[in-house]
Structure formats: C-alpha cells, structure tokens
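Colleague: What follows is the residue order along each chain.
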Amino acid sequence: MTGGDPGQVFREEAAELLADLESALLRLEQNPTDREPLDTAFRALHTIKGSGSMFGFEAAASFTHHLESAFDRMRKGELAATTAMIGIALAAKDHIRILIEDPASADPAVVDGILARLADLSGSAAMSAPLGRERDDEESRASWRVRFRLAPDALERGTNPLLLLDELRGLGEAKIVALTDDVPPLEALEPTSCHIGWELILTTTHPRSTIEDVFIFVIDETELTIEPMSAMPEPGAEQEPVPMPVTAMVAGPVPSKEPAPSKADGAAEKGRAQPAANSIRVPAERLDDLMDQVGELVIAHARLKQLISDSVDLQIKSVTEEIERLSNGLRDITMGIRMVPVESLFGRFRRLVRDLSQELGKDVALTMSGEETELDKTMIERLNDPLVHIIRNSLDHGLEPAAERVAAGKAPQGRIHLSARHAGTRVLMTIRDDGRGLDRDRIRAKAEEQELIPPGAKLSDAELFQLIFHPGFSTARTLTSVSGRGIGMDVVKRTIDGLRGTIEVSSLPGGGTEITLGLPLTLAIIDGLLVRVGQGRYVIPLFAVEECVELPADVERRHANRNFLNIRGALVPFLRLRDSFAVRHPPDPYQKIVIISSGDKRVGLVVDQVLGDHQTVIKSMSKLHAGVANFSGATILGDGSVALILDIAQIVAAGQTQELRREAC
Amino acid sequence: MAVTGTETFEALTLGLGGEIFAIDANSVHEILDIVPQTEVPGAPPLVGHLINVRGKVVPLADLRIRFGMERTPPTIDTRIVVVEILLDDEPTVVGLLADKVHEVTGIAGASIEDTPDIGMRWNPDLIKGIGKRGDDFIVIPDIVRIFTTH
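These protein sequences, in sequence, are chains A and B.
Going left to right, the first sequence walks through residues 12 to 676 as our numbering numbers them.
Going left to right, the second sequence walks through residues 31 to 180 as our numbering numbers them.
Calculated directly from the structure, the hints in this document are not laboratory data.
Among the hints, a few may not be true.
[Stated by the list, open to error] With a straight-line cut-off of 20 Å between C-alpha atoms, the simulated EDC-like cross-links for lysine to aspartate or glutamate are:
hint, chain 1, residue 1, chain 2, residue 2
1, B, Lys86, A, Asp300
2, B, Lys86, A, Asp131
3, A, Lys634, B, Glu114
4, A, Lys634, B, Asp118
5, A, Lys634, B, Asp92
6, A, Lys388, A, Glu354
7, A, Lys87, A, Asp131
8, A, Lys634, B, Asp119
9, B, Lys86, A, Asp650
10, A, Lys634, B, Glu120
[As the list claims (entries may be wrong)] Sample of chain B residues at the chain A side, in silico, Cβ under 8 Å:
hint, residue
11, Gly72
12, Asn82
13, Asp119
14, Thr122
15, Val124
Cβ coordinates follow ideal geometry from the N, Cα and C atoms, glycine included.
Bound conformation, chain A alone:
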C-alpha cells in the first residue's frame, strides 16, 4: 500500500471483499445454518461499509448498510438465510460493485428494487426494532482514555485524522486534546508530515473493540493506547445523534449506529488483522518487471558459467557456483511470489454454475478439489475464459435435464467437478461432468460434412474428440443463449496453446465427459532440451519430451516418404527438422530422434545433436514474426545468442498430417 490514490486502494480491497462475500453467500446457500459463511459475509459487508464511507463512496456505503442490517439479523437468528434472501444478496453484491467501480452508471431503480425486496423479506415490523438501542441498555457506559499518534507520513498515504476524530466523536461524548509536544521548530517543520497526536476522553456505551475498529485501516502505523477510566457517567451527557446518510428506503427507522460487533467478532477481526499486517499489495506489473530482471540474471549467469568453464581459477569457479545458487534461489522465490491458489479462479465458477443452472432449469451441484494448488497469477487470469466456456458447455450440452437423467438411471441432480493437482512441473486441471458424454457419431458426421476428416477415416476417440476444438465446429442442434454458436471450444484450444498447455478429452457415452488441461507452472521460465539442427540451436520444452533415441541406419537410408519409426512396437511418425527448417548444412553422421508427445500423439524429431537441458527464459517474438509456424518463442543462450523454442502443438499436428496422408494412400 504505497501512496497513490486512496480510492484505488479501496476499490482493490473492495473487489477482494466482494469476492469473499460472494463465495460466503454461495456457501451459505448450500448450508443455511452454517455460522461461518454468515459471519464472513457480515464482516465483508461491514468493512465495505466502513471503509467505503471513509474513502467517500457514500452511495455504496449507505446501500451496503441496508444489506448489513439484514445480515446482522440473520446472525441473531431473526431472519432465515433463504434462497430468496441469498438471491437478493447476490444481486445487491453485484450492485455494490457497480456503485464502487462506476457509480455514474449505477441505476437508482436497481437500488429501489433490491431494497424493496429486502424489506419484503425482512418484514417491516421486525425491521423497525431499534437494534442498537437494545444493546445500549445492556452495556454500561464507560470512559476510555484514547491516545493516538499517526505515522509521520500518514497524510501522504491519504489518512485524514479529522475523519478518525469525527468517527470517535460519533461513538459517544468525547473531549479531544491535541498533543503538540512533538511539533518541531518552524525551520525543521515538514509541512506534509503529521506531527500532532491526539488524546480523547471518550465516554461511550460501545465496547473497546468498536474504538479499535475506528483505527482498523491505520493500526499498523499508529501508536495507539486505549485505557479504561473508572466508569463515571457524567450527568447530562447524552448520546449525540449520529449523522448518517440514510435513505429512507427501508420501512422504519434504521438503527442510528452500526451494531457493535460482539466480543468474539472483535477477536476475529484482530485475528484477521494480524496476517494482513504481514502482507503487502503490489501491482502485478512490478512482479512482471522483477521476473524479467531475474530472467536476465539467469541468462547472465549462464554466460558467466560458460566463460569460466575452461578456467582453472578455483576462486572464480566457487564464486560462480555461489551466484548460481543465489540466482536459482531468487528465481524460485520470484516465481513463488507470483503463485496464487486456483481457489481464486474456481471460486468464480460457483456463481456461474448457480446462475446458469437456474437459467437452464437444471439442478447442478458443483464440487471442487485441489483448490490449494498454486499457479502463476497471469495464468490464472488467462484461464478464466476457457474454463467458463468448458463449464458452460458441460452445463448446456453435457448434463441432461432431470427427467432424462432419471430415465437413464442417474441421480436427478447433475454434477460438475473441478479439480487441480500437480504432476511434475505441470498442473493438471480437470473439468468432469456426469452428463450424456460426447456423441461420437455426431462429431464424426459433422467433421465429414465439414471435410475435416476423409469419410470413414479411422480415428481414435482422442483424435475424434480433438475435432471439437476446430474453429466453427459445434454439434449443438439448437442455439441457446448459453452455447451452441460454434465459437468457444476453438478459443479454448487457442488460449491453452498460448499458455503452452495441453488439452485432453475423454468421454463415456452416457457416463459424462472429462476435459483435462495440462498447464506449465509459469509462463516465464521452462525447462528445455537444447538440440542442434545444422548450425541452429533449438529448445524443445522438456515436458513434451518422452525419450531420445538414435535414428537407425536402415530407416535413415529409406525413402523420405516413409518416415516412421518402430518404438517398442508402436509406429511413430517422425519429422526431419533439417527438412522443415530448410537446413543446407550437411547432416551429422549419427542422427538423433527426440520423441515428443502432445495429448496421446507422439512424433519423433530428427536432430543432429542433443546438447542437454537448458533453463529457458521465454521471450516472445515480435509482431514481425507472428506468421512464423513451428516456434512459440525465443530464448537467449549462455553465449548470448538467440535460440528458438519449438511449438509442440503445431509440430505434432504437422507430424500427424503426415500420418493421415499415409493412411489416405
């Protein structure tokens, strides 16, 4: 949290709180009696309201207030967390987001509608009970001596001490004295720093935690002491009416003060504040810059290592090894910083599934596992759209209506399961439904109709299913608002390819479909196998490499049209990269074959030499090379020269075309 627009800080914080709120609401809907999501939702609303009004988002704060009141009553058991209630809360949550992000576009009619529905559900009689007052009577008035001194740079950070004082004054009767003992002489005075502290004698009915809550956003930088004074109710000291921007939408008077959090709640707030104090918010671009720099360091180190490889100077060698250890550590930490649990991605789909299943009239349960699996943040962002497409397809085409499910002997409720897990240096993300499965005959008919495959071609299931990723390919008979426009799956394929990922589809007729995405942990650095073809050096992503073998002499001599290799009984097509890359340099006497795989397809790549593994910092290629096939990027080698990274998906596809040609013969 450094400088900048405090409003922006609030917007970022609110976005996270709203996400927490949504996931809490959805959990609450599943489990209406569960206390935890209810408390989470209430806390999120409370914080949005509090900091919203602090940062000048009055409309959002006052609107949130109504929702908060309703949730407070749910916590007290006066209201039930019904589906209707959750529905309103979700709509209200969406509207709060609009009010915060783009208040100008907010439609006042929406506010009225939501508040009217809220009031209907709450029942106006119960709503009018002055909740705050009841509590006032329970707790005796107490006086507190509150001393606080803000950090010197508090004003630059956008903290307004006047707002804090106003808020304290709102809690009860306050006598405020400014502490000016730290104000330096004029010549040393820094006009932008805050030199003044304050001491208050505050007489209030609120507990200590409420006073602490006033400082919740500045607590880390503030010297704060709150000491109880002997209770001394002053005669004539009446509670001031609290100014509160309340629109009279809800029937009955709104409690004049936000309900004081209970003791347990206060403790929870503190418990939450602790980890927050140890984390900071950093713009993603800075992490990108850091990653770039670390990439440069890795390359520079590789150069250094190469330069001293012939040296006999042991001291230089040991320093180089030291630098290697440090730069590897730095690389791992930097990549670690960018890692985010996939929970943040999966969480979004609860809402999607809820809304879609209502729209389509299907009862669908979404389950998840492995949400704690971590992935690069950029990757998480880029995965959102493809996963939305896949889940929509599952809901719309995959899962049958309840009647059809029962007829097929399945439970009426459809299931979609999202899971993530590590597999080596990759993360596997699976989207599984228990719907009707992919219709092989229809895919085949459609593919033949679009001349994607020759009629009667022999295709494995996996090959057949890959056809659904072809642009314009949709077997949906009718268009719905959800899917069936033939766009989507090819976008999924392209995005995943762009992330250097793989897609595998498996499906059982009547048993459902499972789509598995294999993804690298990061977009920035991969392990690669460095090979030489002619004089050029190329990097093959190591995850795709299955094995390296020598090109048998008899295969070598055969005609170029029969490029197949027998690998333990399986026929594997191979490509001579020197032909693909038009290399004029004469081939080495003993050619090697690197077997790579994508999905369940394998292709051999004939190279002149396998040079070894290489930590590859991926550099994208400029627009001028956008049309170049076979390469997904470039990298810089230890000697400072550039090497190209092979695009596995494209090369495997090229190898497969060759196989299809052979089958057609």
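Could you slot chain B onto chain A? The hints should help.
Modeller: Quick look at chain B alone, frame taken from chain A:
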C-alpha cells in the same frame, strides 16, 4: 516524422547498397557492431534473423531485400541500427542492417522532394521522399510501410 514542411528533420544517414538512406534519428535506440544472428526458418526473408540486444530478442531486418539490392557479406563497416517503430500502434524494436553508418544530420524540410514516379528503380510506395545534401541524394525510406506491405 516531419518529412515535408519547413522544419529540419534530424536524420541518421547510413549507406545501403551504394545509396545513402536517412532514418529519423529520434527513432534510433542504439548502433551495434555486428552480433551473432539466429536464422528463423520459415520467416519472411526481410526479417529472417533474430539478434540479442541487451537481453531482448529483436528481429534483424535487411532492407536491401526490399529494395532488390545485392546482399553483400558484412564488412568491417557493417553495423546494426536498432530502431523503434510503431506497428499497429505497438512499439516494436527492430534491428536494421547497414553497410555503413555515416552521421546524424539535419535535413531541411524544404530540400525534400516527393518521390518521382519515374526514373526510380524501387517501389515508390516504400519511399517517403528524396532529400538533398550537397550534391548527394538521400533516400528517406518509409520504414513502417517496408514492414507492413509485402
């Protein structure tokens, strides 16, 4: 790039296939000696190679190809001029191969003439104008067009 008009235009002049070319000096990042080049199989010949410029992978363009000039092997004078151009509103860094780099000089806008339709060996679309400096003619190429048209 103010090519026409009365303002003087700051240009880097370089030799290319026996002609003198002028490019906007403000777009030039740096001038490098020849560095190892990596061939990109399947790329258009104009940008058939990549080079490493301070840790960035940058395409290396040989403008002689677009002007139908003979591709002579590099000499001791050969340099790489690293420029930044806007391609589809995206700043793109490109290395330009030059037989020789002369100087940064002001070319008076008034001395720049439109490309004559006849009497030219090259596609007039690729040239913004012809400037004069003393008795020499200086060709002002349209770098963006050179990369965006084929």
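Colleague: A separate judgement is required for each hint: does it hold in the structure or not?
Modeller: Hints, verified against the model:
1. Lys86/B - Asp300/A: This hinted pair holds, its Cα atoms lying about 13 Å apart.
2. Lys86/B - Asp131/A: Outside the cut-off at roughly 63 Å; violated.
3. Lys634/A - Glu114/B: holds (13 Å)
4. Lys634/A - Asp118/B: Satisfied, since the Cα-Cα distance of roughly 9 Å is no more than 20 Å.
5. Lys634/A - Asp92/B: Holds, at about 16 Å.
6. Lys388/A - Glu354/A: holds (12 Å)
7. Lys87/A - Asp131/A: holds (19 Å)
8. Lys634/A - Asp119/B: Given that 20 Å is the threshold and the Cα spacing comes to 11 Å, the pair holds.
9. Lys86/B - Asp650/A: At roughly 14 Å apart (the allowed maximum being 20 Å), Asp650/A and Lys86/B satisfy the hint.
10. Lys634/A - Glu120/B: Holds, at roughly 9 Å.
11. Gly72: holds (5 Å)
12. Asn82: With Cβ-Cβ at 5 Å, under 8 Å, it holds.
13. Asp119: Constraint on Asp119/B not satisfied, violated at 11 Å.
14. Thr122: holds (5 Å)
15. Val124: Where the cut-off is 8 Å and the nearest Cβ of chain A is about 7 Å from Val124/B, the hint holds.
Hints 2 and 13 from the list above are not met by this structure, while the remaining hints are.
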